[in-house]
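Enquirer: As a plain string of letters, each chain reads:
Number of protein chains: 2
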Amino acid sequence: MKHLTSEDIAALETRFRARFINSLSGFKSANLVGTQDAKGITNLSMISSAFHIGADPALMGMIIRPDGVPRDTLDNIKQTGIYTINQVSAQIYKQAHQTSARYDVNVSEFEQVGLTAEYINDVAAPFVAQSRLKFSLQVREIIPLAINNTILVIGEISHVLFVEQALKADGYLDIESLETIAVSGLDSYHTTKRLSRLSYAKPGQDLCALSVDGD
Amino acid sequence: MKHLTSEDIAALETRFRARFINSLSGFKSANLVGTQDAKGITNLSMISSAFHIGADPALMGMIIRPDGVPRDTLDNIKQTGIYTINQVSAQIYKQAHQTSARYDVNVSEFEQVGLTAEYINDVAAPFVAQSRLKFSLQVREIIPLAINNTILVIGEISHVLFVEQALKADGYLDIESLETIAVSGLDSYHTTKRLSRLSYAKPGQDLCALSVDGD
Chain A
1451 MKHLTSEDIA
1461 ALETRFRARF
1471 INSLSGFKSA
1481 NLVGTQDAKG
1491 ITNLSMISSA
1501 FHIGADPALM
1511 GMIIRPDGVP
1521 RDTLDNIKQT
1531 GIYTINQVSA
1541 QIYKQAHQTS
1551 ARYDVNVSEF
1561 EQVGLTAEYI
1571 NDVAAPFVAQ
1581 SRLKFSLQVR
1591 EIIPLAINNT
1601 ILVIGEISHV
1611 LFVEQALKAD
1621 GYLDIESLET
1631 IAVSGLDSYH
1641 TTKRLSRLSY
1651 AKPGQDLCAL
1661 SVDGD
Chain B
1451 MKHLTSEDIA
1461 ALETRFRARF
1471 INSLSGFKSA
1481 NLVGTQDAKG
1491 ITNLSMISSA
1501 FHIGADPALM
1511 GMIIRPDGVP
1521 RDTLDNIKQT
1531 GIYTINQVSA
1541 QIYKQAHQTS
1551 ARYDVNVSEF
1561 EQVGLTAEYI
1571 NDVAAPFVAQ
1581 SRLKFSLQVR
1591 EIIPLAINNT
1601 ILVIGEISHV
1611 LFVEQALKAD
1621 GYLDIESLET
1631 IAVSGLDSYH
1641 TTKRLSRLSY
1651 AKPGQDLCAL
1661 SVDGD
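Protein sequences appear in the order of chains A and B. Under the working numbering, read the first sequence as residues 1451 to 1665, first letter to last. Under the working numbering, read the second sequence as residues 1451 to 1665, first letter to last.
Bear in mind the hints are in silico, worked out from the structure with no lab data behind them. There could be a bad hint or two in this list.
Because identical chains share one entry, a pair is satisfied inside a single copy or across any pair of copies.
In silico DSS-like links for lysine-lysine, alpha-carbon gap of 25 Å or less [as the list claims (entries may be wrong)]:
id, residue 1, residue 2
1, K1452, K1528
2, K1528, K1643
3, K1489, K1528
4, K1489, K1452
5, K1643, K1489
6, K1544, K1489
7, K1652, K1544
8, K1652, K1452
9, K1643, K1544
Being a predicted model, the structure only gives us computed values, none of them experimental.
Please work from the sequences and hints to get the whole structure.
Expert: This is how it looks when you write it as structure tokens:
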């Protein structure tokens, strides 16, 4: 096994280190964050740091870099209090990646990359029409992480839209059937193949492999 | 498309809602967190919430539920200040899942599930011998999230160990070649198949599909 120490890591070339460190956490989620400003100019940005915080209330977090590409995203969330998260499927992963280009603040990434904004009810943020599982969130907390000047945004899920066939009887959503992709590093995209669902683990009891339906 | 509102979500049966909401963020990382207490009793717990925070310094976050299974994990991190994160490969996903059983605090999950603790240098936390990519972290911040009583633990990466063939010339680690798995929902495990790496996105410029080596 290769062994790198913190001194070795500190000595790495900047972009090499970014690719390396971004590979360490494992596979990441691939989502598009949809927002708009008070004037209605839409913004769409790829994010691989969305993560589950809790189910009741239904909370999700994401890390935003104030000096990074999703800067408009944070400004818009502060203005409107609402945003959407749209899972990226294999059909739109190139368009999703292209949203990470540094477009001007007055340009909508939707048009630039060829994705379609759609709206529901009173949600003042655009969904991605092509996404098969998406939801809107009301912002709940914006927590600056002083340690490296990133920002943790926590939102509560308000509306969920999804292809109904993906929902299983026990509440599990088969996101593999939606061809949702996973990300590794900064730029690698992957489809998935299920090994198994596994039964609830208890001490001294063997696990059972479950079907996708949870049986 | 099926549409659920926040009222619909609030009305879901508790375990159904947990499975449903845990499916929304997309694919999650699969890692084992290794710790030990001041007496040297080891603990190992599965975590699907590890996420990248920054590359310089190299920071990673994870969400811990104080009333959940990784409770010992948090106690140990507070005692020793150090922990390991070990990527889960297809070879050990069942053992990894089994660590989520509620074992007694004086029992080591390593022995119970059949994984091997290994140590390096002055790191007072066990690595998983079977893991092909793993790293130790010095805890930097423990941030209670008042919104739902979970805890964000931020650590700085101090040692990285990995199968050397996975490292590409540009710093990308091919975690697919290590058979690292992805998680969906609470209990579904997936191997991956790379669609492509993609070139750095710039406005008005077509993306290129890159090989795993970044060419």
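Enquirer: In ascending order, which of the hints set out earlier in this document are inconsistent with the structure?
Expert: 1, 2, 4, 5, 6, 8
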